[in-house]
Every structure is written in structure tokens, then in C-alpha cells.
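This is what each chain is made of:
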Amino acid sequence: MIKKELELLVALQDLDMMISDISEVKRLGFEAEGEDNLLKAREELISKISKSLLYSYEKLKKHYKRAIVPVKEDNTCLGCFIKLPTSLSTKGRADSEVIYCEGCGRILYWL
Amino acid sequence: MKAQELLKYFNEDLFILDVKAKNKDELLAELVDRFVEKSYIKKSDIVLEMLTQREKLGSTGIGKGIAIPHGRTTSASEVMIAFARSKDGIDYEAIDSKPVHLVFMIIAPPQDENNMYLPILGKIVEILNKSKNRKTLLSIESFVEFIDFLAEA
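So the protein sequences, as listed, match chains U and C.
Sequence positions in the first sequence follow our numbering and run 1 to 111.
Sequence positions in the second sequence follow our numbering and run 1001 to 1153.
One chain only, chain U, in its complex shape (with noise of 0.2 Å):
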């Protein structure tokens, strides 16, 4: 169930991402009009993930450009580099919970 959620979470963040480099993409000669697709996009993701985890979600976009961070095989946030303990990267590669980097703060996903 978290998985899932968490993986809803990683598309609307994808989502966010490149909603935010429309204007840059367009600079470029890019056709990318179709805004209006993704925002829809964008409210059918919101509808499927928990309001508490939006909330966190949109919290740390406010504070970090990016609230959720990949981890790296190492174990490695590559949001502010530090190397998660390995209990928590055992319970993070067991996606049963979300969990959030001790450095940062950040929600982490592992690859």
C-alpha cells in the first residue's frame, strides 16, 4: 500500500517537475502546449494519495525544491549526500513505510 502510494507520489513530483520546466522546454523550440493536460493529470494523482502525505509533500516543496529524493545503492540521500543508516534503508527498500532522510527531512525513494 505504501509502495504504491509512494510511487503516486514520485509521478506527481515528476509531474511538478516538468510543469516547472515548461518555460524552459518551450526556449528550446519544444511544442508544449498542452498544459492544461498535465494539470488534469495532476488532480487525478492528488485525488489517489493520502492527505496527510500531500500535506508533507507540499510542505517540504515549499522549504526544498524537491521533497521527495532518490537513494542511491550505497544508501546515499542525494539531496544533502548523507549516508542513511542501514536500518533505515532496510525499512525503506522494504517500502512498507515512508520514510524521510535524518539529514534533510526529505521523503526518500530508493532505486
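Rather than coming from a laboratory, the hints here were simulated on the basis of the structure.
Certain hints may be false.
[Claimed, not checked] Cut-off 20 Å, straight-line C-alpha distance, at most; resulting in silico cross-link-like pairs (DMTMM-like, lysine to aspartate or glutamate):
#1 C:K1056 <-> U:E5
#2 U:K65 <-> U:E33
#3 U:K48 <-> C:D1045
#4 C:K1038 <-> U:D74
#5 U:K51 <-> U:D16
#6 U:K4 <-> C:D1045
#7 U:K72 <-> U:E102
#8 C:K1042 <-> U:E7
#9 C:K1064 <-> C:E1037
#10 C:K1042 <-> U:E5
#11 C:K1056 <-> U:D36
#12 U:K65 <-> C:E1078
#13 C:K1038 <-> C:E1026
#14 C:K1056 <-> U:E33
#15 C:K1087 <-> C:E1141
#16 C:K1123 <-> C:D1045
We have chain U already, so just place chain C on it with the hints.
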């Protein structure tokens, strides 16, 4: 950005001279599968979803036989670029409605060192805008030739 600086983002694992895909969906899936098969990303569905959403914004088939599907995803830890070529051409719904022969797929992490994603995208567009470069890319036969071309582009 110099073309030479692009070299480090390419790898022979992600170099395909004759893709099987015949249309856009097949192409995106075939390339994302390659990223997974070579362990550059763990799962295909999130990346495929991101690329599909990107296409809804507007086709990344920019005309002249070129497509540059691209985007940032939380599923990536570094910038990676796949090169693919189709001799027969792919029905990609490109802006000029012509089949696509040259494909550069750029996958970038949420934050990358020195924020290189957009300059990389810009440099690839610049290289492909030149007709002689497109011709060269259509005739290369190996990864070594490809890298030699980029080094001098």
C-alpha cells in the same frame, strides 16, 4: 556547453542502431526497457508514465526525422542519454508528420550536478539542427564512430 562535454552522458549499453519499434509507444517502451535491462533504472512504469505525460504536453518529435523524448524523474540518480536509430522510420506523431529516424532519450534526476539537464537538451537540439550532422548520424555504424562524431560536432 561544448559537444565534447556530452560524451560522458552516453554509454554503449544505451546505444541502439536498429530499434524494433514502429510507433511512439513501442519506442518509448523499448528504450525504457533498455534502461531497466542495463540496471540504470529500477522500474520502467514510473519513467514510462513521465515520458507519456511529457508527450501530452506536445510531441517531442521535433521534425526532420528527429525525436528527443526527455524529462526529469525521481527514479533516476544521474543524467543518462540513450541514442537509437530506425532505418525504416517510426510513426512518432512528429510536428511535421514525418517518420522519425534519430532518437535521443534524455532521462534526468530531480536535481543533477550543476543542473546540466536543460543545457544538455539544448546542445543536442543545436547539433541536430545541422543537416550534415543528421546525415552523419544516419550513416554511423558503431558506438566508437558515434563518440568520434560527437567529439567533433
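Results of checking the hints against the structure:
no. : hint                : result
1   : C:K1056 <-> U:E5    : 23 Å, violated
2   : U:K65 <-> U:E33     : 24 Å, violated
3   : U:K48 <-> C:D1045   : 17 Å, holds
4   : C:K1038 <-> U:D74   : 18 Å, holds
5   : U:K51 <-> U:D16     : 17 Å, holds
6   : U:K4 <-> C:D1045    : 12 Å, holds
7   : U:K72 <-> U:E102    : 15 Å, holds
8   : C:K1042 <-> U:E7    : 12 Å, holds
9   : C:K1064 <-> C:E1037 : 30 Å, violated
10  : C:K1042 <-> U:E5    : 17 Å, holds
11  : C:K1056 <-> U:D36   : 9 Å, holds
12  : U:K65 <-> C:E1078   : 17 Å, holds
13  : C:K1038 <-> C:E1026 : 18 Å, holds
14  : C:K1056 <-> U:E33   : 9 Å, holds
15  : C:K1087 <-> C:E1141 : 12 Å, holds
16  : C:K1123 <-> C:D1045 : 28 Å, violated
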